[in-house]
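First to last, the protein sequences are chains A and B. Residue numbering for the first sequence is 0 to 489, as defined by numbering that gives the first Met the number 0. Residue numbering for the second sequence is 0 to 646, as defined by numbering that gives the first Met the number 0.
If you're looking for bench data, these hints aren't it; they were derived computationally from the structure. Incorrect hints may appear among the rest.
As the list claims (entries may be wrong) - Selected chain A positions facing chain B (in silico; Cβ < 10 Å): (1) V108; (2) Q294; (3) S359; (4) M360; (5) M364.
What the hints assert, rightly or not - List of simulated lysine to any residue pairs, SDA-like, C-alpha gap at most 25 Å: (6) B:K201 <-> A:F413; (7) A:K442 <-> B:G27; (8) A:K442 <-> B:G34; (9) B:K201 <-> A:V416; (10) B:K201 <-> A:K437; (11) B:K201 <-> A:K442; (12) B:K201 <-> A:A482; (13) A:K442 <-> B:T29; (14) B:K201 <-> A:R273; (15) B:K201 <-> A:Q483; (16) A:K437 <-> B:W167; (17) A:K442 <-> B:P31; (18) A:K442 <-> B:D120; (19) B:K201 <-> A:A403; (20) A:K437 <-> B:G122; (21) A:K442 <-> B:Q36.
Claimed, not checked - Just some of the chain A residues that point at chain B, by a computed CB distance under 8 Å: (22) Y55; (23) Q56; (24) V58; (25) T471.
Here the structure is a predicted model, which means the values were calculated and not measured. No residue lacks a Cβ here, since even glycine has one placed at the ideal position from N, Cα and C.
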Amino acid sequence: MVTLFLLLPLAGALLALFLPRERELDARWIALLFSGLAFAVSIVIFVTFDPDQNGYQFVDQFTWINPSGAGFEVQYFVGVDGLSAPMVLLLGLLSVVAVLVSFNIDERVKEYFAYLLLLETAVAGVFLSLDLIQFFLFWELELLPMYMLISIWGSGRNRYSAMKFLIYTLAGSAFMLVGFLVIGVDAGTFEISALTEMPPQDALIPLSLVFWAIMIAFLVKLPVFPVHTWLPDAHTDAPTAVSVMLAGVLLKMGGYGILRIALPILPEQAHDFRFVLAAIAGFSVLYGAVITLQQRDLKRLIAYSSVSHMGYVLLGIAALGAVGLSGAALQMFTHGTITGLLFVMVGLIYERTHTRDITSMSGLMHRMPLIGTVMLIAGLASLGLPGLSGFVAELTIFLGAFDAHPAATIAGIFGVVLAAGYILWMVQRIFHGPADEKWADLKDANCWWEHVAMGSLVVVIVAIGIFPGIITDSIESGIAPIAQIFEANL
Amino acid sequence: MFLPDIPELMIWAIYFAPMVSFAVIACGITIPRMGFQARHASRLTITAIGLSWILALWALDTSIGLDGESAGFAPHEWLRLFDFEVDFGVQLDSLSALMMFVVTSVSLLVQVYSTGYMHGDGGYARYFMLMSLFTMSMLGLVMASSLLQLFIHWELVGLTSYLLVGFWFHRPAAAAAAKKAFIVTRFGDFFFMIALVLIWTKTGGIFDITEINALAAQHQLSDAVLVGFVLGVFAGAAGKSAQFPLHFWLPDAMEGPTPVSSLIHSATMVAAGVYLLARFFPTVEAAPGEVTTTIAYIGAFTAILAASMGIVANDIKRVLAYSTISQLGYMVMAIGLGGFVAAIFHLFTHAFFKSLLFQGSGSVNHATNTFDMRRMGGLRTAMPLTFATFIIGSLSLSGVFPLAGFWSKDELLLDAWHHDKFLWMVGTIVAFMTAFYMFRVIFLTFFGEYRGGEEVDVGHDVAGPPHESPRSMTVPMIILTVPSVLFGLFALNGFGGFIEGTLPEEIRHFKFHMDSVVLASSTLAAFGGIGAAAAVYLARTPKPEQLGRAAGPFYTFAAGKYYVDEIAEGGIVRVVLHRFLGRWIAAFDRVVVDGIVNGTAVGARRIGDIARRLETGHLQAYTSMSMLGVVVVIIVIFVLSGNVLER
């Protein structure tokens, strides 16, 4: 089942590449079909996943590399638990949305959709891998389609931004690889669950260094201050669908990696450095929010707000308690849907106005009430309005983190006030005010794919806001074993 | 009392009826195929809220039968996530039953009034959709049994206030006012949220309001926790109930349609802060004395500050807005002084007469197309019904015997008299100012010569000489005069005992009595204020202009709203946050943080170039090189590590 989810997009990518040139546009339908099938599979996985059962479910495992006498092997080992199940669902959903908002791509269509589907497979591999080396390979595989998508179909300084994204991630993952190898070689296995059961006590280099080597890759991806500057550039110059994927799922690879690998395998080191992590988190929230207030480019505004909001993920993680960790996992999911929707809306607005300069737009509500309303809902979710999903996640994080890190938590709560500031300012400038003659010809969202892309994300955001239980049961079962490590030993 | 006890499901129905109306109208607006028409929206909303009103009456009847004590419905699970366990339920006791009655009554009348006031507006259906959502949220707020449930609806009423203040979003002033209202109240909610997180952490995961109150009353919470919690809750209340220094959003919120002001910014939402403090009254009482004294003094200061601004404002709605702030200050002062019954009683009577006064101002606006009193005058002949009801509302607000406002204000001043003579003096001065500014409004608006009104205003199609408003507007106003006149008499009829039913028995100490000094001085203040207003604005001796000149800088300060807006918006937000902090941090991010990264990259590339003398200039080449490099590194390390282990 899980392998099917992993391979479906890849199959779609290959199929799209083999389309004859005159039927190039059919690549859209192939992409929609295969990402849709993958989404269906992810729903099946999420629904049939049993939160009361321990360990991984839907496991596929076989040995892949077995160097003779080396004492360890590299496996193909995939499966889901309560932590990855929501991530898989999120990926399935956002991939369909990304395909839909790409329906009017007209340049090198086949390659575009092939890369987009390859990206889905790569990210799926990261969320599903239960072996460190395999995890690393998928982590690196994701770079290729991202680089191509930004540099070929991007705008502005697209090559610079793509390069920056690449170098940043590569630099981080070089450290990560060293960390993985040190741990794995020492323990004689790269299996995450085996390493979790017997955390390394000692290695070639001090374990605290190993911890930071691994963390640096994840913190770059998350991203948090001071390794965040690739994000606004990448977002600004990427095409809409890539922004959706980037904010929606790629950033979550960082938080997921911390929860899946860094904390369970190196719990003592995480505990030692929890105050450092909390300080980075609290600072990132405020720093990101204050810079967001300064942005005039719509995409940069949302990109910097992501820096602020991903700080919450790290804050929940730094609490090292069941509630805080759950909040972090929940925030990853909700931020994925909310910011995904925000970028979808920015794309729709940009397509119509051909500008992202907030100060040059006004009164758009008169021309596009539907886009305006959905943008408002997404913005309200982003500023943590109760009844929408962001609130539940942020509150969970605050509750979980306050005891351990009161100052960082209060900083985080203040970030919510600043979020109200930048979101409402943006809404006021773009949508409110008298109707502007300049925009008299704009059309509201009118294609079916636009409606489906917006509608599906709105439904998810509202549903989780009102019934968070639909997702928290799974998260609880995923977080429980991690939280136990910290409760039992530290 | 008269009926069998209300079942829990019926209380939920009070909440769900407007929710259904909201949902149906929302679908009707989004899906054109449903064939939904604007007039359906108002009918649906009125029907739903009418149903809620009937059920709320039933709930009130049941609560009176229980002497105001909690009906004790068990809550229901909402979320289970490790220790984060939340149950939502309905709290039926004197406080919530009374509030449900107030909210549904005023809301129902305002909806009827709105069918006239909003007639022909392009956003008619959207308006009623939002009004349904507001009524639902407000009911959810007052019936909540859990602090988190209360907080969720607290934010939702804030949202609907935002959307309704900015209802005419094409007007830049309305859009700005909406944003300001949301952000200022959210600043208060920042502290509220800290209080919420604090109490959950320190009680080991309790959100249930009754349990928190019980823990506080049994002295199981440390003073530090109590101080933090009560001050946090108070800051949230100060944001919503527009207490100094977070009061300055409310006058701007008058940019919304007038029925919205009548419902949200006078009777219900702005009173939510007082309700919140009353809900946690046992906890507030358990907090150290300095905390309650602070609350009382902030309330009193707000009362007199807002009254002084009300005296000089020229916009009839803004006078009413300042009056609302001032009266809310009274209630907050009463809570701080331990006057639980007085605060709630005043909240109760104020809701009706202030809603009435706002509807009167809307009726006047409907006729003249302006809110500027300098362009009104002489309307008493053209609008006799509006005039008569406005007089009744003003007399009640001024505290003239035997109208409702008299009784509740008297309770308030009596509490102050017993606890703090200075605050009693402030309160009495405010009573004088209240009567003065209300009758200033009456003389400017309804007496003298008509000064022309205004030609164009958005959302209305009225022109020509002033005329009485349609029956859909005057009937709600006439109905509202009944509670404005009579509801004070409940004071003689066990209101205090009923309301205290929600409190634990140890802190019930209300006993109805009167004090001749308080009575005489407040009556004197009321008539003095009316007389002074008559002298200045009717007889024009001294002339108002002379008075303004005589007051000199005081007048300038009050007319400039004490420059709180400028300090908060211009000073703190624009200069500190934007110019100073924001710009420097953004520059730091661009130049330093990003600069170091780019510098490193450039430096590294230079070194590489020199070493290898291999500059192709193609980014793809670099990419594939580095990808290749990584793969090579992987393989090498693999082989090496295997060898290491073999050795």
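* **Structure versus earlier hints, numbers of those that do not hold, lowest first** => Result: hints 1, 3, 4, 10, 11, 22, 23, 24 break, sorted rising.
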